[in-house]
Amino acid sequence: RKEVEQDPGPFNVPEGATVAFNCTYSNSASQSFFWYRQDCRKEPKLLMSVYSSGNEDGRFTAQLNRASQYISLLIRDSKLSDSATYLCVVASDKLIFGTGTRLQVFP
Amino acid sequence: DAGVIQSPRHEVTEMGQEVTLRCKPISGHNSLFWYRQTMMRGLELLIYFNNNVPIDDSGMPEDRFSAKMPNASFSTLKIQPSEPRDSAVYFCASSFMQLNQPQHFGDGTRLSIL
Chain A
15 RKEVEQDPGP
25 FNVPEGATVA
35 FNCTYSNSAS
45 QSFFWYRQDC
55 RKEPKLLMSV
65 YSSGNEDGRF
75 TAQLNRASQY
85 ISLLIRDSKL
95 SDSATYLCVV
105 ASDKLIFGTG
115 TRLQVFP
Chain B
852 DAGVIQSPRH
862 EVTEMGQEVT
872 LRCKPISGHN
882 SLFWYRQTMM
892 RGLELLIYFN
902 NNVPIDDSGM
912 PEDRFSAKMP
922 NASFSTLKIQ
932 PSEPRDSAVY
942 FCASSFMQLN
952 QPQHFGDGTR
962 LSIL
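Residue numbers (our numbering), protein chains in the order written: chain A, 15 to 121; chain B, 852 to 965.
Everything labelled a hint here was simulated from the structure, so no lab data went into it.
Where is the CB? At the ideal position from N, CA and C, for every residue including glycine.
A few of these clues could be false.
[As the list claims (entries may be wrong)] A few chain B positions that, by computed beta-carbon distances, are all more than 12 Å from chain A: (1) Lys875; (2) Pro935; (3) His955.
[What the hints assert, rightly or not] From the derived model, a few chain A residues whose C-beta atoms are all more than 10 Å from chain B: (4) Glu57; (5) Asp71; (6) Ala105; (7) Leu109; (8) Thr113; (9) Gly114.
[What the hints assert, rightly or not] Computed Cβ-Cβ distance ranges for the label pairs, DEER-style: (10) B:Pro921 - A:Asp91: 17 to 27 Å; (11) A:Leu60 - B:Arg961: 20 to 30 Å; (12) A:Lys93 - B:Gln868: 15 to 25 Å; (13) A:Glu17 - B:Arg936: 47 to 57 Å; (14) B:Pro935 - A:Leu88: 12 to 22 Å; (15) B:Gln931 - A:Ser67: 18 to 28 Å.
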């Protein structure tokens with residue numbers, strides 16, 4: 015089993031849709047969690063950290079479920095500019111990036 | 852403010868040649884990370900430094916790869932000799948503290964070994 019697993023997608027959604035991604039991790043001792051966004055042929059950029067109580071940043075909501083060992087990212091009112099690959103990152107004694115979930119928002 | 856600066860942006864060379872990738876972290880950051888990204892394997896952590904000291908190099912593929920951080924503002928990743936399977940995008944990232952803080956990535960070096 016991979017240490018961090020994501021559905022590679024692609025998720026094809028129309029503008030205005032709500033879309034959610036999950037990411038599962040295997041190390042129960044993991045301490046920190048993040049979502050990064052990566053555009054084609056660009057570097058990963060931090061989208062948001064994931065806190066135990068869940069957190070929201072505009073149209074984006076991140077949640078952590080320690081019991082089931084997954085984190086989620088919810089995007090509301092999708093925009094064309096949200097099209098990208100979303101990487102989940104889990105930190106314990108090392109940092110592990112998921113392989114990413116590709117999102118394509120169409121008009 | 853300047854972000855993480857990597858050079859070169861692109862490198863094309865023949866197998867067997869030595870390749871040196873360079874990175875300048877964000878000023879004040881004390882952790883530096885080298886990653887490799889390919890379609891097949893995604894983003895892989897190769898090595899990271901804390902206060903210029905290598906902490907974990909378990910991701911370095913083999914002895915052909917080496918990394919140094921002689922001071923807080925400069926790091927190199929060297930491949931010698933290079934092989935076609937080393938072709939990838941190599942990213943450098945930096946952060947304030949080890950693993951539990953967000954990282955800031957450079958633009959990457961696209962390496963092609965012919």
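Among all the numbered hints in the text so far, which are the ones the structure does not match?
-> 3, 4, 6, 7, 8, 9, 10, 12, 13, 14 and 15
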